[in-house]
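Line by line, the protein sequences give chains F and P.
Every letter in the first sequence is one number past the one before it in the working numbering, and letter 223, counting from 1, is 223.
Every letter in the second sequence is one number past the one before it in the working numbering, and letter 192, counting from 1, is 192.
Check each hint, because a few of them may be wrong.
[Claimed, not checked] Just some of the chain P residues that point at chain F, by a computed CB distance under 10 angstroms:
hint	residue
1	Leu86
2	Glu87
3	Arg89
4	Glu124
5	His223
Calculated directly from the structure, the hints in this document are not laboratory data.
Backbone N, C-alpha and C define an ideal beta-carbon position, used for all residues, glycine too.
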Amino acid sequence: MWAGDVASATAAGAVTPGASLAALERRMLRRRVGRGYRWVGQTFGWSTIIYLVFWIALFVVGGVQSAAPIEHPLPAAILPVALDALALLALVSVSLQRSPPVVLGRSHAMLLGLSPWSARRVLRPRLLGFFVSRVVVGAVVGTAAWLLVTILFAVSVPALVALGAGLWLLRAALAMLVYERRPIALPLALLASLLAALGAAAGVLGFGPGAAAPVLAAGVASALGVLAAAAAFAYQGAGYPAGYLFDAMVVAEFRTSVLMAVMTQSAGALRRRGVTTRTRRRGKGRRSGSARLRLKPPSTEYGPLGAVAWRSALSLLRAPLLMKVALLAALGYVYAMLSAGVVGGLPLAVLGLAAGFLASWLLGPSVEPAPVPLDPFSRGGGRVLPGLIVAAALFALFAVVRSATGGPTGSGEAGLLGFALVALATVILEKASSWLHVSHREWTAWGLSGLLSGTLMWVLSALGGPGMITLGALGLAFGSLLVLP
Amino acid sequence: MSQSTPRTSQSTDDGTPQPRVELQEVTVVFGGEAVLADVDLVLAAGRTVLLRGPNGAGKSTLLRAIAGLLPFKGEILLSGARPRTLEGRAAFAFVADVPTLFEDLTVREHAAFLSRAYARPEAEERTLAWYERFELADRVDEFPGTHSRGMRHKAALALALGLEPDLLLLDEPFNTLDVDARETLAEGLRQRAQDGRINLLSAHDQALERDLGAEVVEVRGGHVGRRRG
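Pulled out of the complex, with its shape left as it was, chain F reads as follows (with noise of 0.2 angstroms):
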């Protein structure tokens, strides 16, 4: 059959090595699609699966019609939160995942192993099937959740379908990206910040929270999984988790093949212009390792806590372009939650979540286990401060934003709201995570910070409006700077 491919390609004139890759992928499509039909009706029997279809399609079309709203219908308040908080765990799941998302077969191997093709050539058929298995299987969760809600909140959000697909879709694309810097992941996890935008904006422009659920829970879905994989990225450096490490090295392998077939192009073996031009491009940048963004280092007047400032700054202005996007996005939605009246109850807890996640970005690097001489208040005040002044920058262009474009009167009161949750849960999280000696990139001390800082928001709720909660969370976290160690 191989030699048979490679005639007909030869006859198609298209002696090319993505032809005779397609043509191999054809062999082994044909060859799988043989077996598993041969495998379901020796095991099963065809006719039986199709009697079961029939049926299973019956009982679910009769269910779906006779699913009508329950007498007491539960309050659409809930609902932005109930599908906020499935999201979430949805996305938070991924830095659970301890198996790689995709199983490479001995072919690839193969495939990678004796061909100068790439990597991404070479598993794309594999990753495609992926993507849209997810696709499929959001779609369906999508259309219970479309179904439960109608049941048990008397609403229809045909939306939920669309949104369940788009959230899988980014689960796989964040489950690849912790795996291996897949570029397919990139435009998804650039379309989910655009998501997180058009989240902001439905709040900025002033929607209710049950009206703007599924916009919303779009947005926090999308900035977390941006947050994610933006942490995927940096995870990388990091190198791979010890669950990972087999696949590890297989990968290494595969890199090392592509390599192999890039160094035998750039001799001249195969002339690409691609290769060339790449080849050229990369000769005339800097030596990899340098340093690209500079910041100058502080006056020595303002002693340890300037040095920890400066290299918190340096962290934020170094931090990867999509870190940057995903970070905006996940103030912008904070933002838009606050304004759109969620101010106390369980939903501030949730959002505490989200902010426990954004402080983990915003928080600077730790100077832990080298041991120098720093007191708390220098080593905490130096980490928050850069990223909390950018946070308050961005929550007052929010306010002003919303105010020019006609929003409702409290423009302010919710920045104010917002940069209070987001400082309280940075200053936790530099407690928590100084304390237990943990990486504040973590999701054990993020998490422990967000719920922390979204319950004590949500018990200052309790005392007084807005602005009782927003001068009682500042003076937590100013006060827990200089008070504990």
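Given the structure of chain F, go ahead and fit chain P onto it with the hints provided.
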């Protein structure tokens, strides 16, 4: 080795207290087993002390305990301060056998950051001079993650030497260095001792005792043995 350890800090002619390291009955326990047991040691100003002993004897553990990186029983005083206090931390610099560098800062930024964190502004220039002596001058704007193990070690040593702490703790500092860098480091350590500072390092090389004019302290099975030099 056991000896009486007076607690009062001595002073120089101009009234500046002389650096002094005192360890009294220091014990470090890992998993119920004492890796260091009842160590008494006094290091006076102007001394270079070599810790010598087989692998696993407790040399690195002793250095880490002095740096306050390990929990211990007993008493450790660095110029009168405990290692985990601000004064204690300001009294020493520690370079581990696998040096700890901040991967988010370039080598030059390390000098700027640490000189300010230690509130010693003049240390930045000194560190840059040490980078030059270690032949790192053309690589200071790069991140340490792109450097070899030897280069990372040189950068960490330059940072520690540039800070000019009272006590320099070095865990096997000569292992990864090239010949020129070894000579540069030895020269730096000799100069520090002449200036009245203390160097405490672990090493296996027999020739170092003579090169550095160092005292040798034998460490075996978690006990500090005889002292010569």
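Original post:
Was the hint right that histidine 223 of chain P lines chain F, CB cutoff 10 angstroms?
Top reply: 25 angstroms, violated
Original post:
Would the stated hint for glutamate 124 of chain P survive a check requiring a Cβ distance to chain F of less than 10 angstroms?
Top reply: 8 angstroms, holds
Original post:
Do the numbers back the hint for glutamate 87 of chain P, that is, is its least Cβ distance to chain F under 10 angstroms?
Top reply: Interface hint status for glutamate 87 of chain P: holds (8 angstroms vs cutoff 10 angstroms).
Original post:
Can we keep the leucine 86 of chain P interface hint, with Cβ of chain F closer than 10 angstroms?
Top reply: 5 angstroms, holds
Original post:
Is the shortest C-beta separation between arginine 89 of chain P and chain F less than 10 angstroms?
Top reply: 4 angstroms, holds
Consistency with the previously given hints fails for number 5 only.
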